[in-house]
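Undergrad: Input sequences plus hints: build the corresponding full structure.
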Amino acid sequence: MLKMTDVKKVFRTDLVETHALRDFNLHVGEGDFVAVTGPSGSGKTTFLNIAGLLETFNGGTYELDGQNVSNLNDKKRSQLRNEKIGFIFQSFNLIPDLNLFDNVDVPLRYRGFNSAERKKRIENSLEMVGLAQRMKHLPSQLSGGQQQRVAIARALAGEPRFLLADEPTGNLDTQMANSVLDLLKSINAAGTTIIMVTHDGHLAKQARRNIYVRDGKVSEINEVDIAMPTQLAAV
Amino acid sequence: MSNTHTSTSINWEIGPIFRAMLRNKVGAILIALQIAVTMTIIVNSVYIIVERSKEMQRDSGIDNENSFYLTSVGFTENFNTPVTVEEDLNALRALPGIVDAIQINAVPNSDSGWSMGLKTQPGVEHDGVGTAVYMVDEHGLNALDVEIIAGENFAQTDIGMRVVGQVKWPDKTILTKAMAENLFPDIPYGSVVGKTVYINDTEPMIVVGIIDKLQAPWVGWNNLENVMLSPERMDYKGSRYFIRTEPGQRDSVMKQVEELLANSNKGRLIQNMRSIEETRERSYRGHTAMIKILTTVMIILTIVTALGIVGLASFSVNQRKKQIGTRRALGASQSAIVRYFMLENFLISSIGVILGAALTIGLNIILVNTFGLDRIDWFYIPIGMLVLWIVGQGAVFGPARKAANIPPALATRTV
Amino acid sequence: MFGYYIKLAIKSVKRNPILSLLMITAIALGIGASMTTITVNYLMSADPIPHKSHQLFHIQVDSWDPNNAFNDDDEALPNQLTWTDATNFTLAKKALRQSAMGRSGGIIEPPGDDAKPFEASIRLAYTDFFGMFDVPFIFGNPWDSRSDTNREQVIILSKRTNESVFGGENSVGKTIVVAGRSFQVVGVIDDWQPIPKFYDVNNGAFNETEELFMPFTLKEELELPNWGNNNCWKSPDGEGYKAFLQSECINTQMWVELPNATAKAEYMDYLNNYVMEQKELGRFPRPLKNRLSNVMQWMERQEVVEEDAKMMMWLSFMFLLVCLLNTIGLLLAKFTGKSAEIGLRLALGASKSDLFKQHLVETAMIGLLGGFAGLGFAVLGLLGIKSLYGDFVDDLATLDISMILVALSIALVSSIAAGLYPTWRACNIAPASQLKSQ
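So the protein lines, in turn, are chains A, B and C.
So this note's numbering is basically just the index in the first sequence, starting at one, shifted up by 244.
So this note's numbering is basically just the index in the second sequence, starting at one, shifted up by 133.
So this note's numbering is basically just the index in the third sequence, starting at one, shifted up by 135.
It is worth saying that the hints were derived from the structure and are not from the lab.
Possibly wrong hints are sitting among the right ones.
[Claimed, not checked] Taking lysine to aspartate or glutamate pairs in the EDC-like style, the calculated list, with each CA pair at most 20 Å apart, reads: (1) C:Lys294 / C:Asp269; (2) B:Lys455 / C:Glu476; (3) B:Lys425 / C:Asp529; (4) C:Lys377 / B:Asp368; (5) B:Lys310 / B:Asp345; (6) B:Lys455 / A:Asp444.
[Unchecked claim] Some chain B residues well away from chain C (every beta-carbon gap over 12 Å; in silico): (7) Arg152; (8) Gln190; (9) Glu271; (10) Ile499; (11) Asn538; (12) Ala542.
Glycine is no exception: its CB is placed at the ideal position from the N, C-alpha and C atoms.
TA: So, in structure tokens, the structure goes:
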């Protein structure tokens, strides 16, 4: 599903060279739920950016869904992001001037769906996160937890193979965080592969596998075995 | 999970862009208004420029490039004008490089001259047609470079001598085609030859010839081509000579003529020697100035508006960096980002140019009513709209490119 | 506090140098264009003789064609007088001062064998011309009124003519040859260029003052050529110069000085009586209609301000509008970008009015900078106008102190007006919303 072999990432400035990732190796299988933890500056975010095709890398190979994505142009990478990957960000990144409907619509537009298809998908995904009634609202009219649910709806509307979550509960209180996590678990249970970056060890334990990153390398892999919820939870 | 609905068609985001714009109404309205007023000024300016240029390009009838004139003013008590004029013209006509030379009372396009009214029936109760008068001898047609298209030229024996305060007119005249048609609108100009017209209400003159085209002195006059020729020389203290040279020899001839005349008679002053080109330049100076000023205004205005759009777009790109990064992360290609900003500008410009079209017509109506301008031709409006659309798109392209270069990884950065 | 606001404003202007420059340039261009056209219009419509423009009246009487009014407008009166009427009005002496006047010209032959003759324009007038219009003299005085009556060959020179003929020395008492005749110099006037040249606008409202002045009565005596505009509705009865002068052709201007409303009413009565008497003699075939216009009314009637100048002024105001819209947009963007800072200041205890003042100071500073730069553009614009229109606009394209003040106030007022909305928007944000999301 996702296979990184000896991936390197170097940031250069005039004065210093920083090795954000050095010989990063990871294999994530179909339907997996991986939590990536590590101290600040360890390379978590760089890994996520490369995994999500947001950044290029300097060496090694990266296969996504069986396809080598090491040397793709921007257009191709954009298309892959759009079709195969769904993003969830720490600060939600909803577009403040667009209502919920239009926010979820953004990736679908780039996908080139016709308007009936888009409408169906937007309504379905907002339904799934329990916000279908508030379609015409602006993000600023929602709580943080609700905003993150919209972001999840936006990530899911395109039916991606992967969900990449960057500190998805970082800006939320515990109760909201738990409900968002439950939502992610149920999505995973429905078959979507999830990779979640977090600094919160407790949260990481909820995933099937834990990966600990230090100095730009995978230093530890733990299998976690917990019961998955079978039903979607709503806040 | 399947991707069966994927298609490659470009998905225009008009709906969402428009709805997002409505949340920043004021900014969009300001640009739209700016575009509208700019279009109003530019389109009306272009229209004025075109109208003025057309006026300046009207054919004067004379040989603009190779003609000049001068005045000879006698100042001594015993100065004999008729003799001097006869001697001067003989000398001038014999000079190599000169096609012909005449004494004339006024010069076409020079802004000062003599006008009279002609009537087709005698009597104060009938309306007359205004016309400029040029007093010339039988060399007049050749010197003025006009062609007789019906009838005949004056004969040498027709030429009279006009004295100061003279009221009486000669009994022959030559009219321009335009004047003939204004006087006798119902018959072909050729049949005007032989007709009698009346000057000073009752004094008859017979039309002996029709010339093709000759303009009056006053370039701003509505009946610029209403001209009559009167077969006369003038016994005034000051005489004006009109001289036509061989092509390309005007400037050298002008020097020779000045010397020749100044030396031939010390009792007079040769002055105001001026080419027709320079005269026309002076008469149309207001037009030339207006054209240059309006052109400058248009250029500066376009730059100001374009820079305003660039400034606002750059600012909005900076403000929306995170949003653009997110869009990129969600799968927007660089061209999709460029397209977003171009489309946004297109929508704003569209409102601007539609409003601009209305304002342009409004300003034109004001100019028509206040300053007597002509009604604007319809096609100026769509061309103006198109130009401002292009200006808007051109101005926003830079900032849009900048936006497209915002890295998608910005989406995961916590500011 | 004001000093602090100024410091903040300077910082803010420096923080976005390109944006600030864009706003200042936009205001400057708008102000520059408007000031250029306002100056030209202001000078064209200026009162050329402010201290007595209400007491000087131009006379019009309807001596025109029984079948047609003077022009397309049925109410129009002839814009000049016949030589006969103007002479009669002057000799009647019914006003405090009065003068018929006309334009002529002739060749001056300076003394000395190598001096070249040159042509000069002549203003023909009665001696009252000089007192009525307060013409300043360097040497000598106006001629005596007897010179008018006796048709004496006396002459007054312009400063420049005196310089070129007599080298600028006191030439009173000397003789000068004009149009082949000798004249005695009685005075030299100082630089005198009314703008507009109100006393004879139909021969060029912005032309230069004549180079020579001599008694109007010499026009008939010496058969001086008529240089000005001449207009006839019927041809003279008879041949020759005398018949031309005595014809119904109009070629003479006439001004009177009437110090108060009573004098004006009495003069109007006199005019009406005169016309009624003339009607008995078979003249003045049109209905009785006479008019006295003071200087500014006359300028208005004669449409002294060029239409192109008016048109350009309106276009330049629209230009300024575009520049201000531009500035409003840019200020709005700029102040919106500062919302975090504004939120912080609100949180730290600044009142809304503090912030409002702070941003108005910033706006005013941009406006003033734009105004100063605009003055520079106006100077360039006026130079451009001079080079495009030639000498005759020299006096119409000069900035004076009052125009500079007008420019700066327009810049200040318009930029503050432009800044009001952006400032109001920026200051009306909730402090919390801005702090939280950052």
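Undergrad: Verify the proposed pairing of Lys425 of chain B with Asp529 of chain C, using a straight-line Cα cut of 20 Å.
TA: holds, 18 Å
Undergrad: Take a quick look at whether Lys455 of chain B and Glu476 of chain C sit within 20 Å of each other, Cα to Cα.
TA: holds, 19 Å
Undergrad: Quickly compare the C-alpha distance for Lys294 of chain C and Asp269 of chain C to 20 Å and report which way the hint goes.
TA: holds, 16 Å
Undergrad: Since Ile499 of chain B was said not to touch the interface, does its Cβ keep a gap of more than 12 Å from each Cβ of chain C?
TA: Since the minimum Cβ distance to chain C is about 8 Å, Ile499 of chain B lies within 12 Å and the statement is violated.
Undergrad: Non-interface claim for Arg152 of chain B: all C-beta distances to chain C beyond 12 Å?
TA: holds, 19 Å
Undergrad: Does the claim that Asn538 of chain B lies outside the interface with chain C hold up, using a Cβ gap greater than 12 Å?
TA: holds, 18 Å
Undergrad: Confirm or reject: Ala542 of chain B is not an interface residue toward chain C, with every Cβ-Cβ distance exceeding 12 Å.
TA: holds, 20 Å
Undergrad: Could you let me know if the closest chain C CB is still more than 12 Å away from the CB of Glu271 of chain B?
TA: At about 25 Å from chain C, Glu271 of chain B clears the 12 Å cut-off, so the statement holds.
Undergrad: Can you confirm whether the C-alpha distance between Lys310 of chain B and Asp345 of chain B stays at or below 20 Å?
TA: Measuring from Cα to Cα gives roughly 6 Å; hence the hint holds.
Undergrad: Need the status of pair Lys377 of chain C, Asp368 of chain B: alpha-carbon distance at most 20 Å?
TA: With Cα atoms ~17 Å apart, Lys377 of chain C and Asp368 of chain B stay inside 20 Å; holds.
Undergrad: Mind verifying the non-interface call on Gln190 of chain B? Its CB should be farther than 12 Å from each CB in chain C.
TA: It holds; Gln190 of chain B is separated from chain C by about 19 Å at its closest Cβ, greater than 12 Å.
Undergrad: Tell me if the straight-line CA distance from Lys455 of chain B to Asp444 of chain A falls inside 20 Å.
TA: violated, 25 Å
The structure is inconsistent with the numbered hints 6, 10, although it conforms to all the rest.
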